[in-house]
Amino acid sequence: MEFVRREAPYIAPKANVSSMMLQVLVALIPAALAHVWYFGPGFLCNLIIAAIFCVGGEALVVRLRGRSPLATISDYSALITAVLLTFALPSLTPWWVTATGSLFAIVIAKHMYGGLGFNVFNPAMVGYIVVLIAFPMDLNLWVAPHMGDIDYQYLTLLQTIAYTLTGSLPETLTFDAISRATPLDAMQAGLRTMHTFGEIWANPIMGNFGGRGWEWIGNLTLAGGIWLLIKKIIRWHIPVGVFAGLLIPMTVMYAIDSSANAGPGFHLFSGATILCAFFIATDPVSAATSPKGRLVYGAGIGFLIFSIRQWGSYADGVAFAVVLMNMATPAIDYVTRPHIVGHPRRGQRQ
Amino acid sequence: MSAAPTYDLGKLHGGLRLQANKSASTAQAIHKVPVPAQLVLPIAQHVGDPAQPVVGIGERVLKGQLIAEPDGALGAPVHASSSGKIVAIEPWPVSRRYGENAPCIVIECDGEDRHIERAEIPPAYDTLPPDVVLTQILQGGIVGLGGAVFPTAQKLMQAVTCELKYLILNGVECEPYISCDDALMREYAREIVGGAQILLHALELDSGYIVVESDKPEAIHAIADVLAEVSDDRLVLKQVPSIYPSGGEDQLVQLVTNLEVPSGGLPTDVGCLVQNVGTTAAIYDWIINHEPLIARVTTITGDGIAQPMNLDVRIGTTVADVVNFVGGYTDRAEQLIIGGPMTGKTVTTDRVPIVKATNCILVLSQDPALGPEMPCIRCGNCAAVCPVQLLPQQLFWYACADDEAKIRSYGLTDCIECGCCDLVCPSHIPLTFDFRMAKARYREMADEKARAERARLRFEARNERLEKQQKARDDELSRQKETAQQAGPEAIAAILKRKQQAKDED
Chain A
496 MEFVRREAPY IAPKANVSSM MLQVLVALIP AALAHVWYFG PGFLCNLIIA
546 AIFCVGGEAL VVRLRGRSPL ATISDYSALI TAVLLTFALP SLTPWWVTAT
596 GSLFAIVIAK HMYGGLGFNV FNPAMVGYIV VLIAFPMDLN LWVAPHMGDI
646 DYQYLTLLQT IAYTLTGSLP ETLTFDAISR ATPLDAMQAG LRTMHTFGEI
696 WANPIMGNFG GRGWEWIGNL TLAGGIWLLI KKIIRWHIPV GVFAGLLIPM
746 TVMYAIDSSA NAGPGFHLFS GATILCAFFI ATDPVSAATS PKGRLVYGAG
796 IGFLIFSIRQ WGSYADGVAF AVVLMNMATP AIDYVTRPHI VGHPRRGQRQ
Chain B
655 MSAAPTYDLG KLHGGLRLQA NKSASTAQAI HKVPVPAQLV LPIAQHVGDP
705 AQPVVGIGER VLKGQLIAEP DGALGAPVHA SSSGKIVAIE PWPVSRRYGE
755 NAPCIVIECD GEDRHIERAE IPPAYDTLPP DVVLTQILQG GIVGLGGAVF
805 PTAQKLMQAV TCELKYLILN GVECEPYISC DDALMREYAR EIVGGAQILL
855 HALELDSGYI VVESDKPEAI HAIADVLAEV SDDRLVLKQV PSIYPSGGED
905 QLVQLVTNLE VPSGGLPTDV GCLVQNVGTT AAIYDWIINH EPLIARVTTI
955 TGDGIAQPMN LDVRIGTTVA DVVNFVGGYT DRAEQLIIGG PMTGKTVTTD
1005 RVPIVKATNC ILVLSQDPAL GPEMPCIRCG NCAAVCPVQL LPQQLFWYAC
1055 ADDEAKIRSY GLTDCIECGC CDLVCPSHIP LTFDFRMAKA RYREMADEKA
1105 RAERARLRFE ARNERLEKQQ KARDDELSRQ KETAQQAGPE AIAAILKRKQ
1155 QAKDED
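So the protein sequences, as listed, match chains A and B.
Numbering-wise (my numbering), the first sequence opens with residue 496 and increments by one.
Numbering-wise (my numbering), the second sequence opens with residue 655 and increments by one.
In short, the hints are calculated from the structure, not lab data.
A couple of the hints might just be wrong.
[To be verified] In silico EDC-like pairs for lysine to aspartate or glutamate, Cα to Cα no more than 16 Å straight-line:
id : chain 1 : residue 1 : chain 2 : residue 2
1  : B       : LYS999    : A       : GLU497
2  : A       : LYS509    : B       : GLU1027
3  : A       : LYS509    : B       : ASP1021
4  : B       : LYS999    : A       : GLU502
[Claimed, not checked] Which chain A residues stay away from chain B? Per the calculated CB distances, all over 12 Å, these:
id : residue
5  : LEU520
6  : TRP590
7  : LEU636
8  : GLN648
9  : THR651
10 : MET701
11 : ILE729
12 : SER753
Just so we're clear, the structure is a prediction, and the values are computed from it rather than from any experiment.
Backbone N, C-alpha and C fix where the C-beta goes; we use that ideal spot for every residue, glycine too.
So here's chain A without its partners, still in its complex pose:
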């Protein structure tokens, strides 16, 4: 009887990339729904545009590279880029802004470097930085959260679609009437104009810890992140590093002067902190790879977010922090190599 040739091991691996990516997408659904609830259907419009350009852009590039587009897009990684980029954009964003960010993320940041597994930078964050610099006005237009008691006018679904496609508001509305500063913007601007923390907190956009609405998006993002931890799609090192790098210095600052600094709770639940810790910084391709390296990498991102929020000209800074630490990844990987069993430990004589 004849038998086949195979190579050990003969037990099939259970995990696969597509299902990992799919679980990341699933974990983001609650936060996405909350986003739609508080900031309107613009999120979905942006998501559709981003998905079309990310996935379409990937299919096109892969085709040009002479590989199978279907096999590549079915790993869902381009879709994750689209979703993360959408989370970063204001709910009212003209389609060309989203498209530019998506194409830059996929074509330049991902496939110019060799595609999945070879990209040095987090594609979604590169895409976001590009549009942040190229379209600063559009990226500033955040609407107030849908809380009921905040006085502003809402856009209907049709008006939102019209804005996405044309970039212009209905004649009855002005930008000033619908846009509000984000809690991070309000906090940074307020503190820098010598208002106290207490005065700024009186703004109706502020909630218990962070901005109203933002807190709930944060809670649901956190829930998704914890689910990913339980499912072992991500490990704890990067989130813990990010939180430690951001919150420890923030707490110190707050303890020194609680009127001139916002507390750690505010920073945790405002902006993209939680999304960054569980979904952006944890992109394994562009992150450090050993457990110790991931702690360092996460802490570096956290500290850079702290620095940018505290002293920089941007109110948040997650994208810059992540991309800067992406650059440091090879060095971190090199210096945080784990001890190989049987080799002399550091400082031990051979």
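Using the hints, position chain B against chain A.
Relative to the frame of chain A, chain B by itself:
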């Protein structure tokens, strides 16, 4: 009857809890496979140089008779596993990768299974000095039965030159499906403990651990019972959790003693000697019952086998004969693996014989297609399970880049090829295979380099020698010239005259 307590254990990084799949083969007692029509005995069943046949074609041999003796410093003899006639000494497919051919001695059995008579029965081992016992073990053809098949006697002789502290008996059969050691411990605990006592005597040690995984309660009880009976306080039973690959030699040392075997070194470097329980029982059989290593317990299992079980089978019985004995294949039989599902080797034919190394015959159906290999996304799952704490994702990166310096600094040669990383890789990259290939490539390159270096040195030495000879000739010539010139024209004339005379005389 007392259960062994679990002792404080050292830490082992990573590893996997795998589905054991052992109950199918341990449901029944060990069955004895009858004498087959033909036995095929490879002359190289051990690490080291192949043994040299000492029998000729047509010669009749008896069970236990020496048919090939060790050649070179590292080797083990081969004995006939039954009585019969030598019909061929020829290449035959063996359980190397894919079933390549290797020289084998083929015996046509007469079915009488007549035993050779031993010329003299040596005195009891505990009355003999340790080094004599070691020499006796050398003659039993005993090799490590855990799969490494390193000649046991040489391993012991190396060990006695080191500062030994512990003998560790390896009953940690961590690879799925394989249950031959479990079965052996259940039914031959007395032989294992007896073998351990022989080893303690031969190594002049007074401390030994018998290590068994906690998911083998029957084996633990059997060993504990015998230990209670012999009340030898040198031997201690130790339980360890069943995590693959804690049965690897270095991993077991780390688990039991919390000491790391140095990279490229041996357990004896940290004072430990590890022996598989099967090897230990074989030593007992040889020293006490004077039966050389001509049979072993082997697991035959998998969804391709009608009746999985453990077998007491003569070395040299072909897989086909063994499969017939257990009721044949099922229609799911597609892969024939010699060894376990993590580290075994596939062979293409069941004509291969059972050898000393064969702990398991695993016949499996094929897994459904996995889909294509994807790029590494650096998720790090591989690093989390690596028992040697390597970063397989980085090794893979440098293997693809063919960067030898980097891949070495990331510990390629420390990889034990356990296969854990493959099992957790979401991109389905055959990491272990890639590392095996990289090792082979760099080993080949190093050999090539060494050969070139030797040739260069030879060439340079030759040039130097030629130069020296030339210089010596030149020196001699100029010295003669000088002497002649110093002596003046008369002397030159005298020399010329002497030369002329010598010519004339010719």
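Each hint tested on the structure:
no., hint, in the structure
1, B:LYS999 with A:GLU497, "15 Å, holds"
2, A:LYS509 with B:GLU1027, "14 Å, holds"
3, A:LYS509 with B:ASP1021, "11 Å, holds"
4, B:LYS999 with A:GLU502, "7 Å, holds"
5, LEU520, "15 Å, holds"
6, TRP590, "30 Å, holds"
7, LEU636, "35 Å, holds"
8, GLN648, "45 Å, holds"
9, THR651, "41 Å, holds"
10, MET701, "38 Å, holds"
11, ILE729, "9 Å, violated"
12, SER753, "39 Å, holds"
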